[in-house]
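A.B. asks: Read off the chains here:
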Amino acid sequence: MTAGDLNLTNRSTESPLSRLTRFVGAENLSLIIALILLVLAVSSQTEFLFSSRNLFNIGQNMAVVGLIAVGMTLVIVSNGLDISVGSIAGCASVVCALIVTGSGSVPGGLVGGIAIGAVLGLVNALIINYLRVNAVVATLATMSAFRGIAFLIAPEGRPVGVLDPTFALLGSGRFLQTGSFPGIPVAFAILVGVAIIGYFVMSSTVFGRSIYSMGGNPAAARLAGINLNRMRLWIYAISGALSGLAGVIVTARTSSGQPASGTQGLELEAITAVFLGGALLAGGKGTIVGSMLAVLLLAVLSNGMNLLGIPTFYQLVAKGLLLILAVAIGQWRMASAEKRQAKLAASGGN
Amino acid sequence: MKDGQQTGDLATADTTEDEIVRLMVGRELIHGFKRQETTRDEVVLEVEGLSSRWHRDISFKIRAGEILGFAGLVGAGRTELAKVIFGEYRRNGGKVKLMGLDSDIRSPAEAIRANIGFAPENRKAEGLILVRSVIENAAMAIYSRLARWGVLRTGQMVEAVGPVIRQLEVKTPSLSQEVGKLSGGNQQKVVLARWLAAGPRLLILDEPTRAVDVGAKAEIYRLIDRLAKDGMAIMLVSSEMPELMALSDRIVVMQDGRLSPPIEKQDATEEAIVALALGTGVAA
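Here the protein sequences line up with chains A and B, keeping their order. In terms of our numbering, the first sequence opens at residue 0 and continues consecutively. In terms of our numbering, the second sequence opens at residue 93 and continues consecutively.
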């Protein structure tokens, strides 16, 4: 097929099923199936899952991890990793609480939290770019350092109480509340907005396309004119800013700037979500839609485990296993694709 | 076998390489490939006394429409020279002039902006993003040119590189096919498509037919020839002597980081080139 019939996709030979798979994406389709199975399993044990109050909770819980997972998608697709996101959220939580209590300005606190997140993200990128420390090691180190800074800037290392009712709306506010419908959490709406922007950036901008290129093969991307160092500055700054925003939401929900509580372990959940959403360890693959589906899956899973009264310790083990499973599936997919490729080459095909 | 049809049945003993090639490609080519001289007056690239970690006192010129062949042994520093000119490696001294103007290119991004293209020798390691689609790989170098306010729609990419992919007869089921799933020759064509779409004034080709099947090779030769005819200046690094002799207008030989004076096409013999490459030849 070489002549005039070369299209973006090869529609003529497609079955309706494969057309559906292409539209949703094979990985996303399996996530949706997993989500349906999970919902069926949990709801067969407890009817509380579909209660409007519980759905509201799931939406609210998704927001914090989801915001971080949007940034983490950019990072992982670019073949990086950011383990420091939870600590960045902790710093942002304290900084924003201090600004709101100090100045009484809610926008000031919001912007301050996001800004400190972006700055800490830039620090990560600078370490990776110019000290040539690998991303995993660099952000493992800053995970510890940023957490320390969060405690240092909190007076006496204690949580900073915020008693501003307008500010609290960011965390526990809702709109469209009518009768039995609990409304939509403000935090969830923020996540939806950010995810839509993230989707647009990744699929339809030079910046997003370049992230895929550099993640798939940094050397080739550089030789095609992509400035890897500058890309990394932006990618980690965005990941940091979104972690900062997540930290602000944690502050608003708990009415206090928390150096640690509420932001610990977020890195694990966000990273798990991105890999579960179809990103590859080798970079160059992954989508915002996949990551968001995975965030939803994880939120329902953890909510279901709570509803079923599964003790926290088991939940921790389950979360760890899930990350390994998510990455292993990706590795297996890649290996089997390579095997198919090798077989094709050996049989003399094109 | 060609396209599922048996085209010939020969006894191994009385078969020549040319004959097999002819039967496989279906067109008589490669060894008999003849170029017309298309060199114009305008000098596109002029390098004067360039030095780097690998090179000493390198000088040469490439004119519009000219193919300058770079011969030499593997490790003589040809790939490194290509990368120095493309801004990937640093230049320590000397002058590089593009279109007659002094230029100081410090990164591949700057080189591309200065209208230089570079198809590297190792396409899997440096040329292509194997997990991404044909269209992305072909459009990568012109993203910023295609975009408006940083926004880039798939439709724009299809319009920009679709015709080029078709023109190069890249065998792919669709433009969204992962490049890693194509054959070697078609992968190389995607690399060339990227630069064809970008339309540089100077194109650096490093071993353009390495690990490419015979059929694709012939097509790549015709493409290089046409690009020169259209006025592109081409720096051709190749270790295949017949390829170098058939395509180049002039040949320079690199030996241990130094460059011989150019040998005109009609004076170029394999013996002379090998002697220069080994450093045993008399200065031309």
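To be clear, the hints were calculated from the coordinates, so they are not data collected in a lab. Each hint should be verified, as a subset may be incorrect.
Taking lysine to any residue and the SDA-like style, the derived pairs with C-alpha atoms no more than 20 Å apart in a straight line are [as the list claims (entries may be wrong)]:
{"hint": "1", "chain 1": "B", "residue 1": "Lys-153", "chain 2": "B", "residue 2": "Gly-141"}
{"hint": "2", "chain 1": "A", "residue 1": "Lys-338", "chain 2": "B", "residue 2": "Ser-275"}
{"hint": "3", "chain 1": "B", "residue 1": "Lys-321", "chain 2": "B", "residue 2": "Glu-134"}
{"hint": "4", "chain 1": "B", "residue 1": "Lys-216", "chain 2": "A", "residue 2": "Lys-318"}
{"hint": "5", "chain 1": "A", "residue 1": "Lys-342", "chain 2": "B", "residue 2": "Glu-202"}
{"hint": "6", "chain 1": "A", "residue 1": "Lys-318", "chain 2": "A", "residue 2": "Thr-253"}
{"hint": "7", "chain 1": "A", "residue 1": "Lys-342", "chain 2": "B", "residue 2": "Glu-134"}
{"hint": "8", "chain 1": "B", "residue 1": "Lys-153", "chain 2": "B", "residue 2": "Ala-303"}
{"hint": "9", "chain 1": "B", "residue 1": "Lys-216", "chain 2": "A", "residue 2": "Gln-263"}
{"hint": "10", "chain 1": "A", "residue 1": "Lys-342", "chain 2": "B", "residue 2": "Glu-270"}
{"hint": "11", "chain 1": "B", "residue 1": "Lys-216", "chain 2": "A", "residue 2": "Pro-217"}
{"hint": "12", "chain 1": "B", "residue 1": "Lys-216", "chain 2": "A", "residue 2": "Ala-336"}
{"hint": "13", "chain 1": "B", "residue 1": "Lys-216", "chain 2": "B", "residue 2": "Thr-246"}
{"hint": "14", "chain 1": "A", "residue 1": "Lys-338", "chain 2": "B", "residue 2": "Gly-272"}
{"hint": "15", "chain 1": "B", "residue 1": "Lys-263", "chain 2": "B", "residue 2": "Val-243"}
Bear in mind the structure is a predicted one, so any value in this text is a computation, not a measurement.
A.B. asks: The structure should be examined with respect to each hint, and the outcome stated for every one.
C.D. replies: Okay, the hints, checked on the actual structure:
no.: 1; hint: Lys-153(B) to Gly-141(B); in the structure: holds (12 Å)
no.: 2; hint: Lys-338(A) to Ser-275(B); in the structure: holds (15 Å)
no.: 3; hint: Lys-321(B) to Glu-134(B); in the structure: holds (14 Å)
no.: 4; hint: Lys-216(B) to Lys-318(A); in the structure: violated (36 Å)
no.: 5; hint: Lys-342(A) to Glu-202(B); in the structure: violated (41 Å)
no.: 6; hint: Lys-318(A) to Thr-253(A); in the structure: violated (24 Å)
no.: 7; hint: Lys-342(A) to Glu-134(B); in the structure: violated (50 Å)
no.: 8; hint: Lys-153(B) to Ala-303(B); in the structure: violated (29 Å)
no.: 9; hint: Lys-216(B) to Gln-263(A); in the structure: violated (40 Å)
no.: 10; hint: Lys-342(A) to Glu-270(B); in the structure: holds (16 Å)
no.: 11; hint: Lys-216(B) to Pro-217(A); in the structure: holds (12 Å)
no.: 12; hint: Lys-216(B) to Ala-336(A); in the structure: holds (16 Å)
no.: 13; hint: Lys-216(B) to Thr-246(B); in the structure: violated (24 Å)
no.: 14; hint: Lys-338(A) to Gly-272(B); in the structure: holds (12 Å)
no.: 15; hint: Lys-263(B) to Val-243(B); in the structure: violated (29 Å)
In the structure shown, a violation is registered for the earlier hints numbered 4, 5, 6, 7, 8, 9, 13, 15, in ascending order.
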